[in-house]
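Visitor: Fit chain Z to the given chain H structure using the hints.
Read top to bottom, the protein sequences are chains H and Z.
The first sequence begins at 1 in the numbering used here and counts up one residue at a time.
The second sequence begins at 1 in the numbering used here and counts up one residue at a time.
Hints are computed from structural coordinates only; laboratory data are not their basis.
Every value quoted in this text rests on a predicted model; they were computed, and no experiment measured them.
Ideal Cβ positions, reconstructed from N, Cα and C, are used throughout, including at glycine.
Keep in mind that a hint or two might mislead.
Here are the simulated PhoX-like pairs of lysine-lysine, each with C-alpha atoms no more than 25 Å apart in a straight line [said to hold, decoys possible]:
(1) H:Lys144 / H:Lys39
(2) H:Lys199 / Z:Lys86
(3) H:Lys198 / Z:Lys94
(4) H:Lys200 / H:Lys188
(5) H:Lys39 / H:Lys114
(6) H:Lys188 / Z:Lys102
(7) Z:Lys138 / H:Lys188
(8) Z:Lys138 / H:Lys200
(9) Z:Lys121 / H:Lys188
Every beta carbon over 12 Å from chain H, so not counted as near; a handful from chain Z, in silico [stated by the list, open to error]:
(10) Ser5
(11) Gly9
(12) Arg16
(13) Arg25
(14) Asp30
(15) Asp33
(16) Arg43
(17) Ile59
(18) Val79
(19) Ser90
(20) Asn103
(21) Pro104
(22) Val117
(23) Asp122
(24) Met131
(25) Ala135
FRET-style restraints, in silico, Cβ to Cβ [unchecked claim]:
(26) H:Asp241 / Z:Met47: 52 to 62 Å
(27) H:Arg303 / Z:His28: 11 to 21 Å
(28) Z:Arg49 / H:Ala234: 44 to 54 Å
(29) Z:Ala17 / H:Asn267: 36 to 46 Å
(30) Z:Ile59 / H:Ser66: 52 to 62 Å
(31) H:Pro185 / Z:Ser44: 39 to 49 Å
(32) H:Pro185 / Z:Val110: 26 to 36 Å
(33) H:Ala234 / Z:Gln116: 26 to 36 Å
(34) Z:Lys121 / H:Leu54: 31 to 41 Å
(35) Z:Lys121 / H:Glu206: 15 to 25 Å
(36) H:Asp9 / Z:Ala17: 39 to 49 Å
(37) H:Ala234 / Z:Gly48: 41 to 51 Å
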Amino acid sequence: MRHLIDITDFTVEEIEAILDLGDEMIADPAAYKEALRGKILATLFFEPSTRTRLSFESAMLSLGGSVLGFSSADSSSTAKGESLMDTIRTVSCYSDIIAMRHPKEGAPMAGSLKSYVPIINAGDGGHNHPTQTLTDLMTIRRCKGRLGNMVVGMCGDLKFGRTVHSLIGAMSRYEGVEFVLISPPELKVPAYINDELKKKAIPFREVETMEEVMPELDVLYMTRVQKERFFNEADYIRLKDTYILDPEKLRTAKTDLSILHPLPRVNEISTRVDDDPRAVYFDQVRNGRFVRMALIKTLLDWRNEA
Amino acid sequence: MKVDSIHTGIVLDHIRAGRGMDVYRYLHLDELDCPVAYMRNVRSEAMGRKDIIKIDANINVDLDVLGYLDPGITVNIIVDGQLVEKKKLSLPEKLTNVITCKNPRCITTVEGALDQVFLLKDRARGVYRCMFCDAERKSKALR
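Next up, chain H with everything else stripped away, as it sits in the complex (with noise of 0.2 Å):
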């Protein structure tokens, strides 16, 4: 049984193919109305989430299946004291299929080796988040026409922006891609993605300001730094404003830059910056609709043909 814990679980003609799935459902959403009648997506939100949970309750109603699910820990077992592999267990009897996103490292997979039925990681702790992951592809992709030859700008919080982690691991297996990772000393990219990159020979670049670098991107990837992933409030303080995008730093920008951000946003991107033709993070957000449904629905139909 497949399940989608790192993007790298799927190959890259897999991924290709479920974008491809994706773009035919925006242009024919009609067409896959009732793909997954009788089905049940159970939603299991062990951390709190708008977007991601209510864009994979979105994409299976889209297909005619059913949600149910918690979206906190509180109100699941969990409150009294269940353990996290017997939640899986229980949930796997009642679903076709399970969502599932958690404050800890390793979460999804730890699920994995329980369930019945396909996982889907919706993000777990600092790691990954490798739907959100499917959605910029999708978005670069739809942008660029193409997913090499390029070079990408992540700025931000890199060291536990969990869908910086898993788009550089999507986007490293493509030809011709580098990346300038802009961030401050204390958020730099873990040191296993940096070994990695160093591995696979993918050039890329550590500078401290996005300022020197914006007229090469093709690509620039906002994160937000999170509150949540800071044990020391002072930390997390002393960093959040470090990066403000502006009209003004976008100036020297390229004409035909994609700016990504995975939402939500509070004060990283200027909402003056909104409007610009080339700012598409709202995009984002309605081909993550498109992009799970098309995950769902090819996850469950390589579950019937195993």
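Guide: For chain Z alone, coordinates are given in the frame of chain H:
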């Protein structure tokens, strides 16, 4: 100093000097009720000094643990006073319940029923990663 030869058992040779107690602890040799001899700083032509552990019983030694601690250790199996097998070690591809994840955000810190599983990611540098959270640990021998 003289330590008697063993009749049937295991000799762990070529342990890096001073690391024998790590081996003793990781293999839980303190739980055995047979004679165990730990010799420290023994002269060695190849290593200068080395540690040796002699176990006077044919127990099952966890070779994965030994390989992780130091792949240079030699495991000699003695039966009826004769050396019957000499095992060479290497870094194992997978470690299960040998080391624990130090990442406070890892799921293994709260789910007691989970095995602690580490996978070898870089043999040359002896780097292992937690199967769940990707946190890194390095082989003790290569630090």
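Visitor: Which hints from the list above does the structure break, by number from lowest to highest?
Guide: 1, 2, 20, 21, 22, 23, 24, 25, 27, 29
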